[in-house]
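**Student:** So you can see what is in the structure, the chains are spelled out below.
Number of protein chains: 2
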Amino acid sequence: MTKPLIQIALDQTNLPSALEVARRVESFVDIIEVGTILAFADGMNAVSTLRQLHPEHILVCDMKTTDGGAILARMAYEAGADWITVSAAAHIATIGACKKVADEFNGEIQIEIYGNWTMEDAKAWVDLGITQAIYHRSRDAELAGVGWTDADIEKMRQLSELGLELSITGGIVPQDIYLFAGINAKAFIAGRALAGEKGQETAEALKTEINRFWG
Amino acid sequence: MTKPLIQIALDQTNLPSALEVARRVESFVDIIEVGTILAFADGMNAVSTLRQLHPEHILVCDMKTTDGGAILARMAYEAGADWITVSAAAHIATIGACKKVADEFNGEIQIEIYGNWTMEDAKAWVDLGITQAIYHRSRDAELAGVGWTDADIEKMRQLSELGLELSITGGIVPQDIYLFAGINAKAFIAGRALAGEKGQETAEALKTEINRFWG
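Sequence lines, in order, name chains A and B. Reminder that position 116 of the first sequence reads as 116 in our numbering, one-by-one numbering, no gaps. Reminder that position 179 of the second sequence reads as 179 in our numbering, one-by-one numbering, no gaps.
These are calculated hints, taken from the structure and not from any lab test. Errors might be hidden in some of the hints.
Claimed, not checked - Derived list of chain B stretches under chain A, where covered just means 3 residues or more per stretch with a C-beta under 8 Å from a C-beta of chain A: (1) 60 to 67; (2) 70 to 81.
As the list claims (entries may be wrong) - Selected chain A positions facing chain B (in silico; Cβ < 7 Å): (3) A39; (4) T66; (5) G68; (6) I71; (7) A89; (8) N116; (9) M119; (10) G163.
Virtual Cβ for every residue (Gly too), placed ideally from N, Cα, C.
Isolated chain A, as found in the complex (with noise of 0.2 Å):
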């Protein structure tokens, strides 16, 4: 089991913010991403220009894809991005259409979970090549005041088992990072978290704790 990453996700509303936060955490990040919002903000130049300003850095779009996936991919891979997000909602067929496209830039794909999704699902996205999924508590949900609970951290190792490896997030903060010991997770993703005064901060903590349980 690899180390898990730190990856800032980037959620305003404009460009120019989102390049201002990039450039403030990106020597304590691992992976930048173009959240949905920015994504839907500016389109695909915020992913061109964070490709630009930081080549160095795994680089998301956070597109959720959800239908005309073959297309959305492309657009996002041609932009820059090294993985994209695809909808567990999503037709089997949407999410074999972007890991088409995905293979040919040696790109990835993360399935991103919501709905009602079953183990069958998850299996069927491992049969297609998928080897990344994302684990959260919704952003509404979170604000919601719902919690982690055994049964996500018991899907989590499910998955796990299943061979995905798992981005974790929603509310992420290192005292949180005990609970997800055992699993395969790829990397721990939070937003303003580390966007804030705070950022570097709160990046060594997640990382001390990461080194305490995946040592």
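Following the hints, complete the assembly by docking chain B onto the known chain A.
**Tutor:** Chain B only, in chain A's frame:
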């Protein structure tokens, strides 16, 4: 039951091509949709430009919102959208957040039906005050040759009975319109079929069929 409208989905990968299509079809469509592809290509600039050029049309932003509902909804309504789409896979808190912003702008939201949804989910949407949903064959499913089934029509009838107006899409052709008779259809959505050389002819054939079945 009101007569179904005709909606063009603009899914071009760049704004100039989309504007050209919109200009060509404006006289025979009621609703202009900034498709997910176009919205990701050019961002909210696509919405505000189309709003400016087509002030009298209903303008939809097809975001398939899955999370971060309040921010995405606000972005789209501020750019001039009348309606936005929200994924059926979104957490109910996300759908509620979108609805709240919609109300503030006198906008509407359309639940875009994807994934393993249930009629219980649909009831929860209606309880939130949602009045519209989009039912379709996935673009990729359509490419894979999956047609309209009796199960599709039955689900549409049930959604209709719950009080949802349905916009129907996925390879819509005039000769299929009779399939949807009796359903509370808000609009029929097409892209290439309306954008092409025979677009006006197709729109007229659609309207003839609509008049037959929603007379």
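**Student:** With reference to the structure, classify each hint as holding or not holding.
**Tutor:** Hints, verified against the model:
1. 60 to 67: Contact hint for the segment 60 to 67 of chain B vs chain A: holds, 4 residues under 8 Å.
2. 70 to 81: holds (count 5)
3. A39: Nearest chain B Cβ about 6 Å off; hint holds.
4. T66: holds, 5 Å
5. G68: Because about 5 Å separates A:G68 from the closest Cβ in chain B, which is inside the 7 Å limit, the hint holds.
6. I71: holds, 5 Å
7. A89: holds, 3 Å
8. N116: holds, 4 Å
9. M119: violated, 12 Å
10. G163: violated, 22 Å
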